[in-house]
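Asker: Now for the letters of each chain:
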Amino acid sequence: AGVAPFAIGGARKTVVVVGGGIGGATAAKYLRMMDPSIDVTLIEANTNYYTCFMSNEVLAGERSMESIRFGYSGLKGHGIHVVQDRATSIDPDKRVVRTQGGQRFAYDRCIVSPGVDFRWDSIEGYDARVAERIPHAWKAGPQTLILRNQLRAMRDGGTVLIAPPANPYRCPPAPYDRVSQIAHYLKRHKPRSKIIILDPKDRFSKFDLFLDGWKRYYGYGTDDSMITWVSGAAGGTIESLDVKAMTIQADIESFKGDVINIIPPQKAGWIAFSAGLTNEQGWCPVDFRTFESTIQRKIHVIGDSSQASPMPKGGYVANTTAKVCAAAIVADFNGGKAPRPSWINSCYSTLAPGDAISAVTIYTYRDGRIVKVEGSGGLTPQEFDAGMRAREAQYAHSWFNNITADVFD
Amino acid sequence: VVPGQSQAGEISRGALLAYTCAGCHGANGNSNGPATPSLAGASRDYFVEVMHQYQADERASTIMGRIARGYGDAEIQAMAEFFSRQGFEPAKSQPFDPDHVEKGARLHHQYCEKCHGKGGASAEDDAGILAGQWTPYLRYTLDDIRTGKSPSSKKMKRKLEEMHRKSGDAGIEQLLDFYASRK
Ligand SMILES: Cc1cc2nc3c(=O)[nH]c(=O)nc-3n(C[C@H](O)[C@H](O)[C@H](O)COP(=O)(O)OP(=O)(O)OC[C@H]3O[C@@H](n4cnc5c(N)ncnc54)[C@H](O)[C@@H]3O)c2cc1C
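Each protein sequence line maps, in turn, to chains A and B.
At position 355 of the first sequence (counting the first as 1) the number is 355 in the working numbering, and the numbers step up by one without a gap.
Every number in the working numbering is 1000 more than the matching position in the second sequence, counting from 1.
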């Protein structure tokens, strides 16, 4: 395995992208769109990508696994060299990425978008092996299927325990979207069942909107509620898991479940640690104009692994950040100046089929920081309007179709 | 021409801004549906006017009011420039009732063609493109215009009301099927 031939000798600039998820695939495609003279290699460990987007609809039986599966033929059509292999090291001095399969790829710029890894040491009794039985389903694919099948197999009258992590983590509203989707499934198929949320937080994303929806559909707040939310203050922080007994020991009490979904605390993807791109919090600090690492030159980090607050870790952010990063690299290669960055975060959640809510924020770049554009953005109005919610449900599915096409086609 | 590229390696601010809309409106403003509208090919004046209406909460929206207020006039102009230069692609494989198309065509030519030329495919006269736009979005928009939640020119509203008085909701559906049939 030598240096890939296209990297040898010459003026052609080479970018190697590590991770073909939402951030990495978008960056590879837009680099080629913005400047077709750039040689782009994308290294991705898996043959197919399963989106986390809408994976909660798979849990609810509203959607198939195939509908959230995407391949890489679209990106190949843009002239991107797609390499199916796992990157095992990045040498920032020699500017070479090495893979498990023994290949080496030289780069002028490297973009790293490996998503998140889990902090397996944070909950006693829970680790990567246990997760085969007690799924996190926080990376879509086989994990989604395990959880879906367990929900299908559960008896009517069973209890589902869902334990979201403390902030920051991938997609802040998604645990509560998941609760809504599972509640919808149970209401139709196993109406005597319960969901208990064990949460270290005292509030969460789209809080009032979710609670209002849970009241309208799932009896929230009544004695017969399908959903119970145990906040951090009420003892929701979890300490340990006993797989045999199917119990979680939380702050104050222990809880028994028929199905248990633990979403563990997170950190940057493993390759970011091995390449020396992470800070003490376990995320990657970057320059917000270019998303170049502030620790290692010529390596850019985008997506969930990057530290880009106040933007949350989400797919729309990964998608818009990839474009900012690509524009900066193209400008640098051509001796130009990239335009001032702009980002959007937008995210739809479903309370029940035909009733969706959204959050959106516009961000701009000012004095080295990412700032919200004042007076813009926000949530779906709290007051329930059936017609507008039905529109949002249709727009949520349009969102999925458009963002996945923008990333993979 | 590579979209958004004024010269080798120079990405315009309009393009970079417009790329942030792609997750909802499709790459280069051609939406994959089933509901969110395409922006490609919209006339500059139409685009700017609509964005201003969203900003002022004069035009009904689920989300665009919240989004439009994130941009200044120069930014909206830059995006209008970008989207107006993208080729409009009619909605892909959108369902419609073929039995309605002929009646819809007749209604269109009687009431709408004067301003929405070429069977609703033209962006001229700063009217929106109707042919090949996503049907649910057009249905919502016509409903919003008729109920006064969204503005339109007096003349357009009069024509729409006249059409509705004579042909009812069925007339609206026939028009929508006609627009969806246009490839
Ligand atoms: C249930 C759920 C629902 C969600 N819903 C939404 C939503 O509605 N809207 C939204 O905006 N966001 C949503 N998200 C968040 C979104 O999925 C993530 O923010 C997004 O995927 C982040 O993109 P990324 O590129 O950082 O990582 P990923 O998309 O996870 O991509 C990382 C890729 O890198 C690959 N990889 C990692 N390491 C290596 C290596 N060493 N070598 C080769 N390849 C490697 C992985 O295989 C993977 O394909 C949701 C998340 C969850 C869990």
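It should be emphasised that the hints constitute simulated quantities derived from the structure, not laboratory data.
Among these hints, one or two may not hold up.
If you only want the chain A side, here are some residues facing chain B, beta carbon under 10 Å, derived [what the hints assert, rightly or not]:
| # | residue |
| --- | --- |
| 1 | 34 |
| 2 | 324 |
| 3 | 336 |
| 4 | 346 |
| 5 | 360 |
| 6 | 369 |
| 7 | 370 |
| 8 | 372 |
Where chain A lies over chain B, by a calculated footprint (3+ residues, C-beta under 8 Å) [to be verified]:
| # | stretch |
| --- | --- |
| 9 | 1017-1025 |
| 10 | 1030-1041 |
| 11 | 1060-1073 |
Listing some non-contacts, in silico: residues in chain B with all C-beta distances to chain A over 10 Å [unchecked claim]:
| # | residue |
| --- | --- |
| 12 | 1013 |
| 13 | 1148 |
| 14 | 1157 |
| 15 | 1159 |
| 16 | 1166 |
We treat Cβ as the ideally placed atom computed from N, Cα and C, and that holds for glycine.
Asker: Evaluate each hint against the coordinates.
Answerer: Hints and how they fare:
no. : hint      : verdict
1   : 34        : holds, 6 Å
2   : 324       : holds, 7 Å
3   : 336       : holds, 5 Å
4   : 346       : holds, 7 Å
5   : 360       : holds, 5 Å
6   : 369       : violated, 17 Å
7   : 370       : violated, 13 Å
8   : 372       : holds, 9 Å
9   : 1017-1025 : holds (count 8)
10  : 1030-1041 : holds (count 6)
11  : 1060-1073 : holds (count 8)
12  : 1013      : violated, 4 Å
13  : 1148      : holds, 15 Å
14  : 1157      : holds, 21 Å
15  : 1159      : holds, 25 Å
16  : 1166      : holds, 26 Å
The structure is inconsistent with the numbered hints 6, 7 and 12, although it conforms to all the rest.
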